[in-house]
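J.: Here the protein sequences come in this chain order: G and S. FYI, the numbering for the first sequence is 41 to 332, going by the numbering used here. FYI, the numbering for the second sequence is 19 to 294, going by the numbering used here.
Derived by calculation from the structure, the hints in this document are not laboratory data. Computed from a predicted model, the values in this text were never measured in an experiment. For glycine and all other residues, C-beta sits at the position ideal for the given N, C-alpha and C. Please note that a few of the clues may not be correct.
[As the list claims (entries may be wrong)] Partial list, computed: chain S residues near chain G (C-beta under 7 Å):
id	residue
1	Glu67
2	Val204
3	Ile273
4	Ile276
5	Glu280
[To be verified] Chain S residues, not near chain G, derived (Cβ > 12 Å throughout):
id	residue
6	Leu54
7	Leu80
8	Gly81
9	Leu96
10	Pro104
11	Thr125
12	Val136
13	Thr141
14	Glu144
15	Lys146
16	Thr147
17	Lys219
18	Gly262
19	Asn290
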Amino acid sequence: MSDPILSLRDLKLGFKTYEGLVEVLHGISLRIGRGEKVALVGESGSGKSVTARIILGLLQELKAARISGAIHFDGADLEKLSRRERQALRGTRMSMIFQDPTSSLNPVFPIHVQFHEVLRRMDRNLTQKQGMQRAISLLTDVSIPEPERVLQAYAFQLSGGMNQRVMIAMALANEPSLLIADEPGTALDVTVQAQTLHLMRDLVVRKGTSVLFISHNLGVVREFADRVYVIYKGRIVEHGPTDTLFSKPLHPYTKALMAAVPRITGGGIPDIAENSEAFLDPMIDHEVEVPA
Amino acid sequence: MIEKTAELVPVLEARNISKTFKAATHEVRALDGVNLSVARGECLAIVGESGSGKTTLANMLLGIYPPTTGEMLLDGALLPARRNLPLRRAIQLVQQNPLSSLNPRRTIGASLRLALDVHDIGTRQERKTRIAALLDEVGLPTEFASRYPSALSGGQRQRVAIARALACEPEILVLDEPTSALDVLVQARVLRLLDELRHRKALTYVFITHDLAVVRNIADRVAVFERGIMVEMADTETIFTNPGNAYTRSLIGAIPIITDEEEALRKTVLENKSAH
Ligand SMILES: Nc1ncnc2c1ncn2[C@@H]1O[C@H](COP(=O)(O)OP(=O)(O)OP(=O)(O)O)[C@@H](O)[C@H]1O
Ligand SMILES: Nc1ncnc2c1ncn2[C@@H]1O[C@H](COP(=O)(O)OP(=O)(O)OP(=O)(O)O)[C@@H](O)[C@H]1O
Ligand SMILES: [Mg+2]
Ligand SMILES: [Mg+2]
Numbered sequence: 041m042s043d044p045i046l047s048l049r050d051l052k053l054g055f056k057t058y059e060g061l062v063e064v065l066h067g068i069s070l071r072i073g074r075g076e077k078v079a080l081v082g083e084s085g086s087g088k089s090v091t092a093r094i095i096l097g098l099l100q101e102l103k104a105a106r107i108s109g110a111i112h113f114d115g116a117d118l119e120k121l122s123r124r125e126r127q128a129l130r131g132t133r134m135s136m137i138f139q140d141p142t143s144s145l146n147p148v149f150p151i152h153v154q155f156h157e158v159l160r161r162m163d164r165n166l167t168q169k170q171g172m173q174r175a176i177s178l179l180t181d182v183s184i185p186e187p188e189r190v191l192q193a194y195a196f197q198l199s200g201g202m203n204q205r206v207m208i209a210m211a212l213a214n215e216p217s218l219l220i221a222d223e224p225g226t227a228l229d230v231t232v233q234a235q236t237l238h239l240m241r242d243l244v245v246r247k248g249t250s251v252l253f254i255s256h257n258l259g260v261v262r263e264f265a266d267r268v269y270v271i272y273k274g275r276i277v278e279h280g281p282t283d284t285l286f287s288k289p290l291h292p293y294t295k296a297l298m299a300a301v302p303r304i305t306g307g308g309i310p311d312i313a314e315n316s317e318a319f320l321d322p323m324i325d326h327e328v329e330v331p332a
Numbered sequence: 019m020i021e022k023t024a025e026l027v028p029v030l031e032a033r034n035i036s037k038t039f040k041a042a043t044h045e046v047r048a049l050d051g052v053n054l055s056v057a058r059g060e061c062l063a064i065v066g067e068s069g070s071g072k073t074t075l076a077n078m079l080l081g082i083y084p085p086t087t088g089e090m091l092l093d094g095a096l097l098p099a100r101r102n103l104p105l106r107r108a109i110q111l112v113q114q115n116p117l118s119s120l121n122p123r124r125t126i127g128a129s130l131r132l133a134l135d136v137h138d139i140g141t142r143q144e145r146k147t148r149i150a151a152l153l154d155e156v157g158l159p160t161e162f163a164s165r166y167p168s169a170l171s172g173g174q175r176q177r178v179a180i181a182r183a184l185a186c187e188p189e190i191l192v193l194d195e196p197t198s199a200l201d202v203l204v205q206a207r208v209l210r211l212l213d214e215l216r217h218r219k220a221l222t223y224v225f226i227t228h229d230l231a232v233v234r235n236i237a238d239r240v241a242v243f244e245r246g247i248m249v250e251m252a253d254t255e256t257i258f259t260n261p262g263n264a265y266t267r268s269l270i271g272a273i274p275i276i277t278d279e280e281e282a283l284r285k286t287v288l289e290n291k292s293a294h
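Next comes chain G alone, as it looks inside the complex:
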């Protein structure tokens, strides 16, 4: 792969606590090519969202976080950028759809104020009226039926899926080079979800945007991603092209995940096989072998 938009090499993360250092990431390496859609899937609590927050430079601002490893974005070493330079990247060339939509929006400002702020990051001279028009068209793109009403509303007056769509619209607004989507479809019905995936694909095609797509929904991952990384307890245990990974999973954890997906053809809720049970215990720290 020539010149990736993002590369992480041996990324480690720990949190300093009263009981000592809690290690969360044990050396993550991954690359995302230009115009590539890469999925990160795996265990709840395995370190997906923290990885995203490190890429955005958000965790670096937390005192308790201990981070090491190399992060390159568009050829630049992120650790060498000043705080201001990193801030300038966020919401413009890199943007993120955060996992918990309702609590990620600001509760004290109506939606249009937050939208305007995002749009002004790219265009300092944007007028109120232009901003409104642009916001309405972006919200229409994510299938919001009454964009004017939604813009005047506060997050608590909207449904979970409406807040999620507002966040998706904001993240797409400035057509970033890298879009990080952290569980972007959890609160959406399947038809609206399909529409948002279509928008992301469209951005990839038009602008060469790259996407890091984090999701528990393996069906969506199969339909959307070019490549998949599987993370388990802070380690990448397997990665490969989407088709290969779904047809021939190698690592026992990946196999266990695939077997646990409920099917729309029925057959009951999957019974977790005995040998997969161990993956569910947070107190067992597995020695995981990474296939070459």
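Given the structure of chain G, go ahead and fit chain S with the ligands onto it with the hints provided.
T.: Frame of chain G; chain S with the ligands shown alone:
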């Protein structure tokens, strides 16, 4: 199917429920004339468009706010706008996000005890035993009582949330996206637990979710909502193999799937469109 439901005792009924939210400049009709009856011991799934009023319905079932018009009945008796403690005890909620619904500064035991205290259940000693029994019921060891939520995995936290909802022995659980934040392995574990508890304790579930594959494998009947209106209600098998409503068909046709058999099912449902 209608005959079968009529034989079962409706434990919860919504009659012609509407809800309008009023803001300064406009009104939002979140629900419009919904009629719904949940049988004792059944799992009724509520699915549909985002923003179609599912959470609004859940909030009204729990008595968080009353409907604008219409009435609700529990065991055949009208539910008042202001519910007393026993009525609140009968219907409990399990929320989507186990991390934000558990207080991080309270141990698991303290969180469970609070639920017992609120409903004034048992003596001090009995509460202690009850906490151990509750943890056991959801498959967690007694030692977990002294742990904080941060020392639990996502699935374990969600089990604590279920234990807390069960603390005051409700008849009905309203589950609003209870597993959408969990990986599929943990999800399967939690869903199997919910299924087993329902049968063992004769619980009734109102299960709100966007995950139709989950619905297929856990629900007895499915109600489909679009723009505040219940557009279809049928048994699960019918919804997935021969839905009668165009919106339901479009939902089934858009489910992301992973196997060829599922692909075939999706295709059949979409092709049936012409037959209707
Ligand atoms: N600020 C923090 N302080 C201490 N520990 C933290 C902090 N943020 C995250 N963690 C821990 O880091 C681990 C990884 O968390 P992360 O949110 O990345 O998980 P995830 O893979 O996104 O899980 P999910 O699928 O449930 O969203 C978890 O064990 C979490 O408790
Ligand atoms: N407190 C409120 N004030 C004003 N409007 C509200 C309020 N709560 C909900 N609404 C509106 O009612 C409608 C239904 O919202 P609700 O949260 O019930 O949808 P939902 O079906 O749960 O959607 P989702 O699947 O996205 O969670 C939406 O248009 C929403 O904006
Ligand atoms: Mg996460
Ligand atoms: Mg909702």
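J.: Minimum Cβ separation between S/Lys219 and chain G greater than 12 Å?
T.: Check passes; 18 Å lies beyond 12 Å.
J.: A closest beta-carbon separation below 7 Å is what the hint needs, so does S/Glu67 meet it against chain G?
T.: holds (5 Å)
J.: Is the Cβ of S/Thr125 more than 12 Å away from each Cβ in chain G?
T.: The assertion about S/Thr125 holds, with a minimum of 16 Å to chain G.
J.: Should the label of S/Thr147 as a non-interface residue stand, given a Cβ cut-off of 12 Å to chain G?
T.: holds (25 Å)
J.: Does the claim that S/Pro104 lies outside the interface with chain G hold up, using a Cβ gap greater than 12 Å?
T.: holds (30 Å)
J.: So is S/Gly81 really clear of chain G, every C-beta pair being over 12 Å apart?
T.: Check passes; 19 Å lies beyond 12 Å.
J.: Given S/Ile276 as an interface hint, is its Cβ closer than 7 Å to any Cβ of chain G?
T.: At 5 Å from the nearest chain G Cβ, S/Ile276 passes the 7 Å test, so the hint holds.
J.: Taking 12 Å as the cut and beta carbons as the points, is S/Gly262 off the interface with chain G?
T.: holds (18 Å)
J.: Just checking, S/Leu80 versus chain G, shortest CB gap more than 12 Å?
T.: With a cut-off of 12 Å, S/Leu80 remains clear of chain G, as the shortest Cβ separation is near 16 Å.
J.: Classify the label on S/Leu96 as holds or violated, using whether its beta-carbon is more than 12 Å from each beta-carbon of chain G.
T.: Given that every Cβ of chain G is farther than 12 Å from that of S/Leu96, nearest at about 28 Å, it holds.
J.: Closer than 7 Å between Cβ atoms is the bar; does S/Val204 clear it against chain G? Give me holds or violated.
T.: holds (6 Å)
J.: Taking C-beta pairs only, is S/Glu144 more than 12 Å away from all of chain G?
T.: holds (30 Å)
Hint compliance for this structure: no hint is broken.
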